[in-house]
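Participant: So for the sequence shown, numbering that gives the first Met the number 0 puts the first residue at 0; every next one is plus one.
Since the hints were made in silico from the structure, they are not lab data.
Remember, it's a predicted structure, so these values are computed and weren't measured experimentally.
There may be inaccurate statements among the hints.
The calculated lysine-lysine pairs, modelled on DSSO-like cross-linking and capped at a C-alpha distance of 30 Å, are [stated by the list, open to error]: (1) K80 / K40; (2) K56 / K78; (3) K19 / K40; (4) K26 / K56; (5) K36 / K56; (6) K78 / K19; (7) K78 / K40; (8) K19 / K58; (9) K56 / K21; (10) K38 / K80; (11) K26 / K78.
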Amino acid sequence: MSDLDDQEFEEMLTTYAGPKPKPVNFKAGNLEVEWSKFKQKFSLYLIGANLENATPKVKFAQMLGFAGDDALEVYNSFKEKLIG
0 MSDLDDQEFE EMLTTYAGPK PKPVNFKAGN LEVEWSKFKQ KFSLYLIGAN LENATPKVKF
60 AQMLGFAGDD ALEVYNSFKE KLIG
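With the hints as extra help, turn the sequences into a complete structure.
Facilitator: The following block contains the structure:
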């Protein structure tokens with residue numbers, strides 16, 4: 000069995016888990032609303048990807064990866080981190 004290339008992997012994720020959540024728009028007028036929508040879409044993604052019972056560390060890594068570069072910058076400013 001051959002390894003999947005990136006595009007095949009992305010298509011597989013979309014097929015089995017539904018669309019991935021788009022990054023949080025930190026430039027939106029109401030960040031609270033944007034974050035709330037992102038959290039809801041991410042929760043639905045976890046269910047579709049059968050990850051709702053994953054460890055908190057795995058869920059957090061997925062969430063941070065989907066949240067986007069701006070969210071990663073905020074996270075990297077924290078002194079204590081859940082993951083490296």
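Participant: With reference to the structure, classify each hint as holding or not holding.
Facilitator: The hints, checked one at a time:
1. As the CA atoms of K80 and K40 are separated by approximately 24 Å, the hinted pair is consistent with the 30 Å bound.
2. For the proposed pair K56 and K78, the alpha carbon gap of about 17 Å is at most 30 Å, so the pair holds.
3. For a cut-off of 30 Å, the pair hint linking K19 to K40 stands: about 8 Å separates their Cα positions.
4. Proximity of K26 to K56 is assessed by CA-CA distance (about 27 Å); at most 30 Å being required, the pair is judged to hold.
5. Our distance criterion of 30 Å between C-alpha atoms is met by K36 and K56, whose separation comes to about 21 Å.
6. Note on K78 and K19: the hinted pairing holds, with a Cα-Cα distance of about 29 Å set against a maximum of 30 Å.
7. As the CA atoms of K78 and K40 are separated by approximately 28 Å, the hinted pair is consistent with the 30 Å bound.
8. A hinted pair counts as satisfied when its Cα atoms are at most 30 Å apart, and K19 with K58 qualifies at roughly 13 Å.
9. Our distance criterion of 30 Å between C-alpha atoms is met by K56 and K21, whose separation comes to about 20 Å.
10. For the hint pairing K38 with K80, the CA-to-CA distance comes to about 20 Å; that is within 30 Å, so the pair holds.
11. At roughly 24 Å between alpha-carbon atoms, K26 and K78 fall within 30 Å of each other, so this suggested pair holds.
In summary, this structure violates none of the numbered hints.
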